[in-house]
Every structure is written in structure tokens, then in C-alpha cells.
Amino acid sequence: MGDVISKVVSTLITVVIAVGASAGLWVGANLVFNQVRRDWSRFNAIAYGVIGFVVGAILSGNRLTAGSGKGDGRLEEFASWVWLPLVIGIASAAVGFALSRIEDPTPRLVIGAVGLGSLGLLSGLLLREEYRPDVDIGPLVGWTVAIAAIGGGISYLRKRPPICGVLIGGAIGWILGAFGSPDLGGGSAAWAAVASLVPAAAIGVRVSMTPIPDRERKARIDQSSRAVIFLGPALLFIFATLVVPAIRTMYLSFLDNDAADFVWFDNYVDTFRDPISWDSSDWTNMFTSWPFIIGVVLLVIFVLVGTYTKRTTGKTVELGSASMAPLVIGGLFLAFGVFTALRGTIVNNLWWVVVVTAFSTGLGLAVAVLADNVKFEKVAKSVIFMPMAISLVGAAVIWRFMYVARDSTKTQTGVMNAVWVGLGKLSTGSGIPTIIVGVLVTIVFLALLMAVARALVTQSYARAVVPGVFAILLGWFVIRYWGIFGGGIGGQKINSAGVVVGDPINFVQDPPYNNFWLMVVLIWIQTGFSMVILSAAIKAVPTELIEAARVDGATPSQIFWRVTLPQISTTIGVVVTTLIVLVMKVYDIVKVMTNGNFGTQVLANDMFQQAFQFTNIGRGASLATLLFLLVLPVMIFNIRRMQKEV
Amino acid sequence: MSDTTLTRQAATARAAERQGVGGVIYGFLRNIPTWVLWLIVMVWSLPTVGLFVNSFRDRDSQRATGWWSIRPGDLTIDNYDEIFSASASTSLGDSLLNSMSIAIPATLIPIAVAAFAAYGFAWIDFPGRKWLFIGTVSLLAIPLQVALIPLLQLYVGGAHLTLPFIDKTVTIIPDFDLVGTTTAVWLTHTGFALPFAIFLLHNYMSQLPKDLFEAARIDGADHFTIFWRLVLPLSVPVLAAFAIFQFLWTWNDFLIANTMAGTNPDAIPTTILIANLAGDFGRNEHLLPAAGFVQAFVPLVVFFSLQRYFVRGILAGSVKG
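These protein sequences, in sequence, are chains G and S.
Going by my numbering, the first sequence wraps up at 646, each residue one higher than the last.
Going by my numbering, the second sequence wraps up at 321, each residue one higher than the last.
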């Protein structure tokens, strides 16, 4: 217990200190810049003082100056450390205060140059022996002139006197030339003093040249400083944890696995040559696979129906028309045909994106429509939405129990296989339950056929589509169930002794469809997401529109396809783009359920294994970059959309 | 579709609204969509119900039969006892604490930082504001994987830059030895959460009435006062929405925690513990339902008690306004 408490306490302390210090800094900065308009002298003194203190703290804190951090006892040690920052801070504050009061240029120049210059001199004299630089005139002059020229150029471009930029650039160049270029530790104290005096004096001259701001300029300083204070922390965090690492990842992707030598595009080439990430050796099997054939048949039906509807309505395909369903369903089947024949990590990723996005959006839309204004709507939606609250790891565990496959001699403990094997037993059995289920299913099948027939007789072909699709599926089921064609349906097989036994499916381990069963987990989760968003969009469709359509005699399905759906098309776009980005990064489910085995590898898991388990940094970085490139089109699309909105 | 078809369909619809046996059948057929809905709802809840039931069955019955063949006498809480007992590899208590010490700072800190930035983007005028905002928010879609390798390197050894031409290495961020700590995890979460947080809060704050700000400005209030006294209290709903969203996200995260702290058994959150249990090849499989349910318990409570805010957050994040 004591262990637990100390852990809680230490976590709390970390958080409180981190939040408190950041909040203190932030509020403090706001209070300082509040003085810009109220009391310029006070602001100037505080600002110069803080900058001076920070510079002193950097010098002294890094033990660049003599005597810092030495002393007997904590207090003395602290004093030896803190005196220099305090001296520089107070002196700078005095310079700042003087500059805020004196308007005459000449005394300003003297105060600035002498004030800051003497602080530079002091720091230079205190510099430890091992940090004193050698005199190296060549680089010194070179750096100073070069960067001063750059500074002057920038000032010129910003339509300011070039001398401002020359002074600042010269100071930076001088520091680089005097301290950066030569070896440290061999120089004299006098040269160290001169080397620090010159840039400090140059900065002093520069600050003295800026006149005391008038009211308008103070307001501008106030405004722009607020922008920095309010945005600074967030941008700094984003820069440090997203922007810079992302750029570095791209850089690392051009290096070898030890991040030592440039190999340029070798990592990418390796990825594409590796049969694990891209394997098209069985591509000819595509044309003989069932999904592909069904897809082609449906697309042929689409073309036939499309040419017919074009003659009557002038359009080959439109929302809710009879030709739409074969197009969409045929396309999905075709995708299954293609993705099961081409194998590999990249193919899997695309398969995930197509299937999960399509099913989640479609099912979400269906539930949103079905649940609209139904009794207990909230309850139904809560249940569908609930998987969103469960972690992907948890969902993977939940579905692992759904997919359990046991030897055919044992009882199935997973729901899916229990149903599948149960169905097999039912369809090959001859008892009363077999007949009851068979008769019920046949009745439903006949009812569907009647619905199709009625729609065809009344010539409203679009209404024949949904019952038609279900009738085809159920018809196949009925035929197999009664054993008219093929030997029954469900998980059963006849063993060598001629006895019918259960034949469970190993959902997680049988490629290539195990990929689909993993996708089901994500569909289970994400349907709730699209349902919530689409349901809100449907409720936001103006009632007058729907009323007007109803008055004109539109049927509910016509209202849905012609009024509601066009109204929520933007929202559907948002859902689809969000899902594409999310699914492209799929990791947790694959990691927990198969860890990429059995032909289920995806980019994110491959990247994790390469980078953190096999320490192939270059390869891992190239996979991460590839993931980024795949998401890039969506990002650009989003930016375009935001440009219009902002 | 032509007008005649429309009227014909309306006529058939009216003709169907009749009394008697036909009416009953018609009423049933009309309700088919609702039956389909409840069927979907049932299918959707089945996996979770199964997990919940199984968590109360002992190892042998879990392995022998499916959860639906449960007898009231079989119920036991032994699984829960076992996962909370202190046997080193499977104790859930420590990992629950780790999850807390990741999720709480990773929720609170981004809220504060993003609130400043969202206010800045919404109400402080400065050149390049629009592009900076679009640039920030477009990072929403960036795959986190793209930042993981350099961030791990940063936590392992700090950040150093070798200056060109001069050939001296400068330490930008010293090595704080953060790898394998919960701090590394929540720091990473904080950075990754900001684009979405700024987007969400900005959408809300920019919709606040402009008159409010002008009146305050005339009264002499500066940005700090307006933010602190006016905008923050008014934004409580959206702050709550983001807080719930972010809490669930960080509580349920696996990738970042596994990258930054997965190697240290003392710092792993619940998600990694469960993934490790699942990777044991059956040895502890009977504990998975109980552990999974405990892991999901906190987010489910948050979810069902604060669903309204959560939905609002999701909506504000995807639909403008």
C-alpha cells in the first residue's frame, strides 16, 4: 500500500509542479506585457531585467563562469551560482529603465553601448579558463561580415535602416566566429573579455536606436506580444513533438538501419521488393475467385440497368436509382476479389481502408436512419455507440472470444463458430427444428420474391433493388439449406467414416479472409462514430424541406434518397475522410489478435516491429513515411476544405 | 422519376392503409425496419455481454462451454480476485494506477495549452493567422507513427544538434532519462492532442458573440482578462467535451504507451497488460474477460454518465458549428 501511495503522490507532485510552473510563467508573461500600455518604463525595466537574468543564468548555470556552483554547503553553493544572473539582471534592468526615460539619441547610445558592453566585459573576464577562445582572426572576420551582411539584407527587405540588421547580424557572427570556430581553452583572459564585449556593445547600440514607442506602436507591441504568449506554448509543443520529429523521420528514412550512411531510396525499394509488403505472384487467381466473378456479374447488371435508366431518366446512375446498388455492391465484391489475390502489407492496408470505411459509413447511416424517431432511440444509439468507449485492445480481446475455434469433436465456445457449426448441424439434420427453420426461411424468401415481383409489376424498379439483393442472398441460403445444390450450408463436413461432423472456421488464422474478420472488429467500433455524426446531420435537415417533399407525394425512400442524402453529403464526406485517416493507421487490433502473422500484417505494425523490435531504424522510418504519404491526399483535401471555411 | 409514377406510388401507399387482417400484416411489414434496428442492436451488444458473462466463470467452464450455457450456480468472482492479487506479471492494480498517471496529466495539460492557442487563433489579430491555423489543424490527420522514432530517441538521449561548418555539437534538450516512464507517455500524448484540441476549442470560441469582446475592450479589459474572466467560463461545455474525449483516448491508447513505456513492467498501463495477457498463448486466457472488463469499466462509466458531452465533442470535431 505504501508503494501505491508514494507512486500517487510522486505523480501528483510532478503534475502540480509542471502545471504550476507553466501557469506561473504564462500568467507572469501576461502581467509583464500588460505594462506595455500602462507604464512603459516599468515594462522596459522588467523585460531587460528578465532577459539579463536568463542570459546570466545560462552562463552561470552551465558553469561557464569562474566560481559558479562552488562553495561549502547548499546556501553558499546557491549564492555562488545566483549572484551573476542577479547582477546582470539588475544592471540590464537599469539600462532598460534609462532607455525608457531618455529621448535624446546621444545619451541613449552611450547608455546602451556602455551599459550592455560592460556587462559583456564582466562576463568575458569571469569566463573559465577552459572556455577562453583562441584568437583566430580569419573565421572571426568571415563570420562577422557574412552574417552582418545577411542581417543588413533582411533589414533592407523589411524596409528598415540596414544598420539595425548589420549590428545584430554582426553580433551573432562575431559570437560564432570568436567562440564557435576556434578551439576553446587556449586563449587569454583579455581576448575573452574583448570577444564578449564587442557583441554586447553592438546589441547595446542597436537597442538604443529604437526610439521610445508612441501610443499606437505600444498598442501594436501589446497585440503581437499577446499572439506570441497565447500561441507560443501550443506551437512549441506541436513543433517539438510533431513537426520536427516528422521531418526527422523522413530524414532517417534515407539513412541505413544504423542511421549512419545515406542510402537514399533503398529502404523504400526494399519495402516494395519484399514479398511481405507486396506480393502479386498470385494475381492470376483473381479472375477465378468467387468475389471477383460476382463483382463482374453485378457490374454487368449495373451497365444493363444503367443503360435502361439512362433512357428513362437521362442518368446512368443517381442516388437511390435501381442501378446504384449493383454498382456499389459489385465494386465491393470486386475489391474483395482483388485484395484476396494480391497479398502483402500494403494491400492489406488498402483493403482495411476500403472495407472498414465503406461498412462503417454504410451501417452507421443505416442505423441513424432506422433509429430516427423510434421509441427508445437513445437506448439503441447508446448500445451501438458504446464500443467507441472501449479500447481497441479491449475490443480485440472481446472479439477473440467471439472467434474461438475448437476442434470439431469439442463444443464450440465462440459465438461465431457455435452459430456456424450449429447451422451445419441443422441443415444436415432431419429433426423437427431443421424443418421449422427451413420452412421459416423459405417463407421469408418467398415474401421477398413477392416484394420484388410487386415492384416490377408497378414499374417502380428502384424499390425492387433492396428486396432483390436480399432475395438473392437468401435464395442461395435456401438452395444450400435444402441440399438442392451443393451439400448443405454451415460448418459441417463428412469425415472418412461417412459421418457428418462439425467444421469450424478458424476466423483469425485462415488467410486471406482472416483479414476481413479483423476488420469486423473495427467496423463494430467505428459504426457508432459514423452513426452519431450522421444522425445529428439527419436531424439538422430542415423539416420544411421534408414536409414539402411529402406534400408533393414523395415516398419515404424518395425523401431519403432525394432530400435527406444530398443534404448530409458534406457530413458523409467528413465521416469518410476521418475514417480513411483512422483506418490507415490501424495497429492495435492486428497487434493483439495476430501480431501480423497469418498474412494479416499492416503498415503500422510492420513499422513498429522494424523500428522498435528489429532496430531497423531506416526501414521503420521509411514505413512511417509511407504511411504519411498515403494519408497526405486526405490531408490536402482537408486543407482545401478548411481554406473555404476559415 | 415522372409525376405519374409518384402519384401512383402515393396511391398504392394509401391503399395499403386499410383495416382488418391486411392492416395487421401491413403494420408488421411497416415495422420491419424497427425490428432490423433492434436486431442490429442485439448483435452489437452480444460480444460485450459475452465478455461480461465469461468474466464470472472459472477457467474450466470457460474452456468447456460457451458463455450462453451459463448456470447461476457457476458464477464466481475468482477471476477478479486473481487479477488484483499481487502476482507480478498479472496484477492489474499497478497498471490501473499507471493508466491514471498517464491519462490525468495528458488530459489536463493539453486543455490549458490548447485553450490559450484557440483563443489566440480566434480573437487575436496578427499577420499570417489563417495560414498558421490551417497548418496547425492540418496536423490532425498526420499519422502518429511518423513521430515515434525521433521522439523515442529524444527520450533516450536528449536532442543534440551538430552545427554545420563549425562542427560543434550543441545540446538543445538534455537527456532526462524519460524512456520507460509514464511521464514520457503523457508528454507525447500532450503534443499529439494539441491539433485536435485547438481545432475543437477554436470552433467553439470563434462562435462566441463579438459584441461581448467589444464591450469588454471598451471597458479597458486586455486579452488576458477577457480570456480569463469571459472566454474560459463560457467555454466550459467544450472544455468538458474535449476532456472526456482525451481521457478516453489516453486511457485506451496502446501504441504510444507501448512505444515509450512498453519495456518497463512497472510503468505499463492497463492496455499493455491486457495485450501481454492475450499474448500468453492460453496460460492466462481465463483472466482476460475479467481484466478486459476492468479496463473498460472506467471509460464505460465516463461514457455513460457524460455521453452528452462526448457526443457534443465528436460532433464539434467533425461538423462545423
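It should be emphasised that the hints constitute simulated quantities derived from the structure, not laboratory data.
One or more of the hints may lead you astray.
In silico lysine to any residue, SDA-like type, Cα no more than 20 Å apart, as pairs [what the hints assert, rightly or not]:
#1 Lys378(G) - Leu306(S)
#2 Lys425(G) - Lys168(S)
#3 Lys378(G) - Lys168(S)
#4 Lys378(G) - Leu46(S)
#5 Lys375(G) - Val302(S)
#6 Lys410(G) - Phe52(S)
#7 Lys375(G) - Thr34(S)
#8 Lys310(G) - Arg562(G)
#9 Lys378(G) - Ser45(S)
#10 Lys168(S) - Lys7(G)
#11 Lys168(S) - Val135(G)
#12 Lys7(G) - Ser91(S)
Output of the computed footprint for chain G on chain S, the stretches with three or more beta carbons under 8 Å from beta carbons of chain G [stated by the list, open to error]:
#13 100–112
#14 190–200
#15 208–218
#16 234–244
With the C-beta cut set under 8 Å, the calculated list includes, among others, these residues of chain G facing chain S [what the hints assert, rightly or not]:
#17 Ala21
#18 Gly24
#19 Arg226
#20 Pro245
#21 Arg248
#22 Val374
#23 Ile384
#24 Gly394
#25 Val419
#26 Gly422
#27 Asn638
#28 Gln643
Note that the Cβ used here is the ideal one computed from N, Cα and C, for glycine as well.
*Hint numbers not upheld by this structure, sorted from lowest to highest*: 2, 3, 5, 6, 10, 15, 16, 17, 18, 25 and 26
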